[in-house]
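Peer 1: All chains should be built: construct the whole structure from the sequences, respecting the hints.
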Amino acid sequence: MSLLHWAVLSPFLLALIVPILYKLFRQIHTGWFVLILPILLFTYFSRFISLTKQGDIVMESATWIPSLGIDVDFYVDGLGLLFALLITGIGSLVVLYSIFYLSKEKEKLNQFYVFLLLFMGAMLGVVLSDNLIVLYSFWEFTSLSSFLLIGYWNERERSRYGAQKSLLITVLGGLSMLGGIILLSIMGNTFSIRELIAQSGEHMDHSLFVPALLLVLLGAFTKSAQFPFHIWLPDAMEAPTPVSAYLHSATMVKAGIYLVARLSPVFAESGLWFWLVSIAGLITLFWGSFSAIKQTDLKGILAFSTISQLGLIMSLLGLGAAALHYETLGENIYLAATVAAVFHLINHATFKGSLFMVAGIIDHETGTRDIRKLGGLMQLMPITFTVAVIGAFSMAGLPPFNGFLSKEMFLASMVNVLELNIFNMETWGVLFPVVAWVASVFTFIYSMIVVLKPFTGKLQLQLLEKKPHEAPVGMLISPIILASLVIVFGIFPNLLSSSIIKPAVAGIQPSLAGPDFQVHIAFWHGFKPEVWMTIGIIAFGILLYKTLPKWQKVTQWIPERISLNALYDNGVRGLERSASFVMKVLMTGSIRTYLLSIFLFFILSLGFTLYWKDAFKLDAGNFAPIGIYELVLAGIIVIGSVAILFARSRLTSIIILGAVGYTISLFFVLLRAPDLALTQLVIETISVSLFLLCFFHLPLMASRKEERMTFKLNNAMISIGVGVIVTLIALSAHSNKLFDSISSYYLENAYKEAGGKNVVNVILVDFRGLDTMFEITVLSIAALGIFAMIKLRLTGGKDKS
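Counted from 1, the sequence shown has number 411 at position 411 by UniProt numbering; the numbering is strictly sequential.
Derived by calculation from the structure, the hints in this document are not laboratory data. For clarity, every value in this text was computed on a predicted model and none was experimentally measured. We put the beta carbon where it would ideally sit given N, CA and C, even for glycine. Heads up, a few of these hints could be off.
[To be verified] Label-pair distances were calculated between CB atoms; the ranges are: (1) R592 x L13: 49 to 59 Å; (2) V585 x V642: 32 to 42 Å; (3) S2 x R592: 51 to 61 Å.
Peer 2: Set out below in structure tokens:
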């Protein structure tokens, strides 16, 4: 494996060591050991900036399942590098912040940092994978690790609820995405993202194109909390604040953004992609900003603000799809939407990360995040207040901060959309700038709430659990660094233009971002429509903030009982009730009932499949001749099997059963398979012996009168049905061979490849060695389970060790 592979896997490797470090160095905060890795990874990935700036791509491959076209291929281009730097850079600041936020005496730091490292590694795998199956594997690992992080304080009911909610929604979306990935591979005959991008435009008329598009977007929308799948994100606030800062600024929620950006070249020429991504983004932007205003929890406001900002970025990526429909770059003003999306992605990571850390500081120093109890903290916490002002004003889109620049670019893109003459934009396209402007007004309002409610007004010490004071220096370092970047990127935006933004845009729109493409972000473009829109946002925002108590109730016009959260809760409860009902009906405790259900389903499903697919075929041309010996042995087996049903004692049943097994071994002798015959003899001998040894512990059989069997038609029909179906499947499979038997391959290669002349042994030990290993593992697990049950019975359910 290459150094790039080790870089992605290093968080997983360190996660294995963290519990050891935690036990050996109890006097040292475990975070100091963990902090080293993200800093090293950030430094390592920074080395690629000069390469991606020139348009180069670093590709490293490792074989995994070549027969299925699945290899662990990691590659670094401008887009992947941007996300890798965010994951490791923000990750370093989050780990540093957590060292001072989480007490080493009170918290289970070994678990926390294991979960955090697993999440970091999974995110790196998502953004650097070229193979879609590998990407999906890491994708689901982000869902699992975020579940563990959100439920870190598992003794709290709300933490468990939030973790379960995020897992259910994102995993279901991930499964949908897997379906889209499979459809993409069918269309393009590859799992490689680069190869699919090279084929872009070739599959638009394919019957699987639209289903693949819809399934991929479903996965992206659930992960990036797009409406109506956004409901998991506010409940994820039950995680520790360092986790919230990490998930919301640079990682978890950005995974869906990354997927849409990465696969834009594959789908963007479709009008459906343009409409779905743009409209979903705008609705999410509006609903998130509107819902944030009614929140009273500081982290709750920031959660809905994250939803709205994700919608903003998603809508820009949708508008960027229009760039592919213009031939010359000089006439293409829509590529600017993709530039705005990338720039705001960076800006959001800086100001949102700092604001979450500010919320954590307020909670840490006052004991509450309820804005109704907070106020007047500006004089007691001046540094925290300064960081909050910078972050909130940037989020509101005020100059001279970086959020102002990307918000201007966003508004400009929404105005320019009116010039589109594609996708029937002359109809509903006029709503794009209107919705964007209204949502931006609400964004301004909740930004003011975040900074003004806690820090201005009257100090209410009687409502606080702690006497507030400025946070320790260590806890302030990370938010100060992020706030400084907000200012630097706002005043000097072109620090990132050619080094980060341009290569990332080239990764999203490779066919357009050629050598002539340049990114230049200016602070002032004259009195254009976006400037007047910004002035209107500030004016109306101030007016509505001042009159907030008079109209805030409007935000609660939807009753909670019919909200999306209520729909989710009722759906989960409905599933639980349905499962309980099914369990009561089916789980009767009777093995006979279970077998009847299984066999009946077996008969109906396989019988219908054989009929529907017209799969039954009988070709007796290659059947081996049946001699007198086979007929005699088959007769003995049939007679013995039937005789077991009428046996009067267990001893007789065991003897007859053993006779059937020994007779089968004679079949192997006739068919010249001495190894199988010997194995069968050994197994039968052991089975009979074990049955006899168990006699002592078995209850006595009932009298012959009590055990007298009565004929049951349903049992007979199911028994005959199973036998008929199995026979038909066996005959049909033998007569419908789609390819040559693999037996010749084993015969030819047993000695040459494995050095063994006994083909059966070579198959079991070498060719199918993994199968044998897993079979042994299953038997070992079963043996341990049986031993545990026997011990439990012998000890009366009490541990007497």
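Peer 1: Evaluate each hint against the coordinates.
Peer 2: Each hint, compared with the structure:
no.	hint	in the structure
1	R592 x L13: 49 to 59 Å	holds (51 Å)
2	V585 x V642: 32 to 42 Å	holds (33 Å)
3	S2 x R592: 51 to 61 Å	holds (58 Å)
Consistency note: the structure conflicts with none of the earlier hints.
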